[in-house]
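There are 6 protein chains.
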Amino acid sequence: MSEEFTHISENNIPHMVEVGDKAVTKREGVASVTITLPASLLKELKASDSNHKGPILHTCVLAGIQAVKKTSELIPLCHPLPVTGVKVSPEIDEELSQLKFIVTVRTDGKTGVEMEALHGASIAALTFYDMVKSSYKDLQITDLMLLEKSGGKSGHYKIQR
Amino acid sequence: MSEEFTHISENNIPHMVEVGDKAVTKREGVASVTITLPASLLKELKASDSNHKGPILHTCVLAGIQAVKKTSELIPLCHPLPVTGVKVSPEIDEELSQLKFIVTVRTDGKTGVEMEALHGASIAALTFYDMVKSSYKDLQITDLMLLEKSGGKSGHYKIQR
Amino acid sequence: MSEEFTHISENNIPHMVEVGDKAVTKREGVASVTITLPASLLKELKASDSNHKGPILHTCVLAGIQAVKKTSELIPLCHPLPVTGVKVSPEIDEELSQLKFIVTVRTDGKTGVEMEALHGASIAALTFYDMVKSSYKDLQITDLMLLEKSGGKSGHYKIQR
Amino acid sequence: MSEEFTHISENNIPHMVEVGDKAVTKREGVASVTITLPASLLKELKASDSNHKGPILHTCVLAGIQAVKKTSELIPLCHPLPVTGVKVSPEIDEELSQLKFIVTVRTDGKTGVEMEALHGASIAALTFYDMVKSSYKDLQITDLMLLEKSGGKSGHYKIQR
Amino acid sequence: MSEEFTHISENNIPHMVEVGDKAVTKREGVASVTITLPASLLKELKASDSNHKGPILHTCVLAGIQAVKKTSELIPLCHPLPVTGVKVSPEIDEELSQLKFIVTVRTDGKTGVEMEALHGASIAALTFYDMVKSSYKDLQITDLMLLEKSGGKSGHYKIQR
Amino acid sequence: MSEEFTHISENNIPHMVEVGDKAVTKREGVASVTITLPASLLKELKASDSNHKGPILHTCVLAGIQAVKKTSELIPLCHPLPVTGVKVSPEIDEELSQLKFIVTVRTDGKTGVEMEALHGASIAALTFYDMVKSSYKDLQITDLMLLEKSGGKSGHYKIQR
Chain A
70 MSEEFTHISE NNIPHMVEVG DKAVTKREGV ASVTITLPAS LLKELKASDS
120 NHKGPILHTC VLAGIQAVKK TSELIPLCHP LPVTGVKVSP EIDEELSQLK
170 FIVTVRTDGK TGVEMEALHG ASIAALTFYD MVKSSYKDLQ ITDLMLLEKS
220 GGKSGHYKIQ R
Chain B
70 MSEEFTHISE NNIPHMVEVG DKAVTKREGV ASVTITLPAS LLKELKASDS
120 NHKGPILHTC VLAGIQAVKK TSELIPLCHP LPVTGVKVSP EIDEELSQLK
170 FIVTVRTDGK TGVEMEALHG ASIAALTFYD MVKSSYKDLQ ITDLMLLEKS
220 GGKSGHYKIQ R
Chain C
70 MSEEFTHISE NNIPHMVEVG DKAVTKREGV ASVTITLPAS LLKELKASDS
120 NHKGPILHTC VLAGIQAVKK TSELIPLCHP LPVTGVKVSP EIDEELSQLK
170 FIVTVRTDGK TGVEMEALHG ASIAALTFYD MVKSSYKDLQ ITDLMLLEKS
220 GGKSGHYKIQ R
Chain D
70 MSEEFTHISE NNIPHMVEVG DKAVTKREGV ASVTITLPAS LLKELKASDS
120 NHKGPILHTC VLAGIQAVKK TSELIPLCHP LPVTGVKVSP EIDEELSQLK
170 FIVTVRTDGK TGVEMEALHG ASIAALTFYD MVKSSYKDLQ ITDLMLLEKS
220 GGKSGHYKIQ R
Chain E
70 MSEEFTHISE NNIPHMVEVG DKAVTKREGV ASVTITLPAS LLKELKASDS
120 NHKGPILHTC VLAGIQAVKK TSELIPLCHP LPVTGVKVSP EIDEELSQLK
170 FIVTVRTDGK TGVEMEALHG ASIAALTFYD MVKSSYKDLQ ITDLMLLEKS
220 GGKSGHYKIQ R
Chain F
70 MSEEFTHISE NNIPHMVEVG DKAVTKREGV ASVTITLPAS LLKELKASDS
120 NHKGPILHTC VLAGIQAVKK TSELIPLCHP LPVTGVKVSP EIDEELSQLK
170 FIVTVRTDGK TGVEMEALHG ASIAALTFYD MVKSSYKDLQ ITDLMLLEKS
220 GGKSGHYKIQ R
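Chains A, B, C, D, E and F are the protein sequences, given in the same order.
Note that the working numbering gives residue 102 to position 33 of the first sequence, counting from 1, and the numbers run on in steps of one.
Note that the working numbering gives residue 85 to position 16 of the second sequence, counting from 1, and the numbers run on in steps of one.
Note that the working numbering gives residue 154 to position 85 of the third sequence, counting from 1, and the numbers run on in steps of one.
Note that the working numbering gives residue 104 to position 35 of the fourth sequence, counting from 1, and the numbers run on in steps of one.
Note that the working numbering gives residue 199 to position 130 of the fifth sequence, counting from 1, and the numbers run on in steps of one.
Note that the working numbering gives residue 141 to position 72 of the sixth sequence, counting from 1, and the numbers run on in steps of one.
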């Protein structure tokens, strides 16, 4: 077995890696995801008199928070973890015509919450797509990635940009 | 309320759109997602004598199939749908050094299965990330998008590329 | 066995009633639930300059919609049903100082969606409680009840008030 | 943002409150819910020779226990918590012609189990409704409320009656 | 690919078999499972003055019914199916000192409910084990098998004994 | 109430046993399950040139791992537990013509993981059945049992054979 694939055991079978001997520490994971918006959709979403931006983005935010809690159900080899806090922050960048969701997850646990943050981000973005797909089927979700991670033996990680 | 946001009702509140009057028809959705692989990971994954490529990709495929069935649990305003078949096809493009998952979902239902296909693709990709993240934290998941959709009143849709 | 308890079989054991011979018809269920608010909380919620009423009530609405889809998972003898539409309407009655959630659920199915509507209403109310409980632990949730039901052999039912 | 709404962040968006710095302590929550029974249903339920009271009430009790474990899946901003024990006690008050469910939940955790107790009570009551609704559609579920809470920084709380 | 393994596609990857072209028919599946009881446990369970047999067996029955509804969540390549009725019948055979659970599931669907019946039986048996394991860790669950199946193109199947 | 039935309270009602006072210790549970294979199926599965054995057994293994994480959702009176590692090992015994799955689960918790191991084993076996049932409906799943258990006050248990 290769060192790259720690989730595959020596006899070439997937397993859930044993983490019982790792320390319980405060851990944090931050992930983000990007959707580039056509001008008309950006305008609609930013309209100053818009009162529907609220429910659209709140729906994405809530979907992301709830998805964080379901991560170990969707990602087969993930450990179940007691998350202690979740933030999903939508950010609209008018210049780039982009909507981003930044998801921050914390736990006191034996493994990190990278997957939780990434899962929350992906579901926030898919929820947005779901709500605009009748008019914008060709939107793409991109740059789903880990921004930062801290806690645990491997220490602080921050993406190079 | 804007025409863009069909999931927000006239009094500015999210709702699950009523589809009871739509016809039950055969519907299909196809989505894909892309992960660009560093050379070392591509090599590892393609190694001709590799016997662990199997369990790595099978794990992604199975995660994607199971995610399809859970779509309406994760995407708040999605309708529950009885999917009749799911395929998750991993494709390795050596030239571009990319791994893609193409997900095809079918149903006999009153609404489409776009979200199901997209959800399956996103979870297949996140599952891959989970299994290589100890060595490759900076992998990005990109181009999560609908490729094609058929069935239902809005007819055939195919992405322009 | 008594006629009152159709979910208990002749040998005194719970079962899921067979509905295979019932017709698939359009069915609707409407339920409501009430929370009486202390004056300070009502004021807070109604404040004309309030911009947080949105996320508070949207959170309840989304929780109610998602709960509708999970009804057969929580109520042991409920049949799984493909809901075709869900509306959760919050209503603030200033005179009575009450918040109500009215939940309307539709399906094309072989059994009714009363439990789905009631479940959605109960979760919307509990979600509201969750968000104010740090200051208002003694709020009571009352009058969780079916308002109306149509479709199916038993015909139209409307509560007498 | 108001002090009443701790689940809404300063930028007016729902979040899961961070509890990582709170102490793990033994916590308990007790909730109850009431259903007033028509005379004929009370009689049926209390019939001394009745052997179906068992499965009816056991079904409610089990539904309540299982609901406790699913609380953080239904209430969007609830933290997942490892419950250490659950009791659901049905009580029939013949004088008032009422059925009550008292639910007691315990945990060793960083937040309380009020929502768990309330959720268990609501599902026990809805399960009862489900089993008698063919004859008693107009039953109302009332007085769903927290009776008592202990553990954690905010100390002991007991409802005033 | 072998004919035995219909869930593995020609390129050697698991998939959910497409059933969209199959007819919706009434289908039934019946499964059973057996637990051989030590004399002391049988006696305890059969004690004529026993009033706890009820809750023990009802708990198994309800667990089995609810498991039926979750089959496609647990068995990766199973189709989600709208079950129309479920019966879980416990049977105590004093001569053989055995407890059996017979599970009957019906649907109007495009695929059979064999897996649903088997899953319900396995969970009923495991629930029994859970409740007696403090005293009887060495109980074995055996003979989990399909007894009968009807509906669909492959016609009636009944096990030979 | 009998000593055998610790999950039934003194007033004859199921409850989730309180474990708050038990120590958090490393606990392990090992379970197994057996399927006797007809000669043709064994041959198919063992074929030296077979490249489909992989996906068949990987599907069972992944289903077993994911089932472990869902145990407290399926077994009504089970406590939710943070599993720290899971292994599902398929073993083919050519002489006995048997396929076995051995499931090992670990936790740092207040109760044991016997049910988790047993649940994982049962779902691995049912998943195998699902994939071969079109040709082999009469396969039986047998000898689902706890092999070993350690950690906690009751000490080490190992089945006598």
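No lab work stands behind these hints, which were simulated from the structure alone.
Treat the hints loosely; a few may be bogus.
The list makes no distinction among identical chains, and a pair is therefore deemed to hold if it is satisfied within one copy or across any two copies.
Each computed EDC-like pair below joins lysine to aspartate or glutamate, with the alpha-carbon atoms no more than 20 Å apart [unchecked claim]:
(1) 169 - 207
(2) 91 - 177
(3) 95 - 113
(4) 169 - 87
(5) 179 - 87
(6) 115 - 162
(7) 112 - 212
(8) 169 - 212
(9) 202 - 217
(10) 112 - 164
(11) 202 - 113
Computed from a prediction, not measured in an experiment: that's the story for all the values here.
Consistency of the hints with the structure:
Within a single copy, residue 169 and residue 207 get their C-alpha atoms as close as 17 Å, and across copies as close as 18 Å, so both meet the 20 Å cut-off. Taking identical chains as interchangeable, the C-alpha atoms of residue 91 and residue 177 lie at most 20 Å apart whether they share a chain (12 Å) or sit on different chains (11 Å). Proximity of residue 95 to residue 113 under the C-alpha cut-off of 20 Å is found in neither arrangement, the shortest distances being 40 Å within a copy and 33 Å between copies. Proximity of residue 169 to residue 87 under the C-alpha cut-off of 20 Å is found in neither arrangement, the shortest distances being 34 Å within a copy and 22 Å between copies.
Taking the shortest alpha-carbon separations for residue 179 and residue 87, both the intra-copy value of 10 Å and the inter-copy value of 18 Å come in at or below 20 Å. Taking identical chains as interchangeable, the C-alpha atoms of residue 115 and residue 162 lie at most 20 Å apart only when both belong to the same chain, with a minimum of 10 Å there against 32 Å between chains. Taking CA atoms no more than 20 Å apart as the test, residue 112 paired with residue 212 passes in neither setting, with 22 Å inside one copy and 23 Å between copies. Both within a single protomer and between protomers do residue 169 and residue 212 lie at most 20 Å apart by alpha-carbon distance, with minima of 10 Å and 15 Å respectively.
Taking identical chains as interchangeable, the C-alpha atoms of residue 202 and residue 217 lie at most 20 Å apart only when they sit on different chains, with a minimum of 13 Å there against 31 Å within one chain. For the homomeric pair residue 112 and residue 164, the shortest alpha-carbon distance inside one copy (12 Å) is at most 20 Å, but the shortest distance between copies (39 Å) is not. For the homomeric pair residue 202 and residue 113, the shortest alpha-carbon distance inside one copy (14 Å) is at most 20 Å, but the shortest distance between copies (36 Å) is not.
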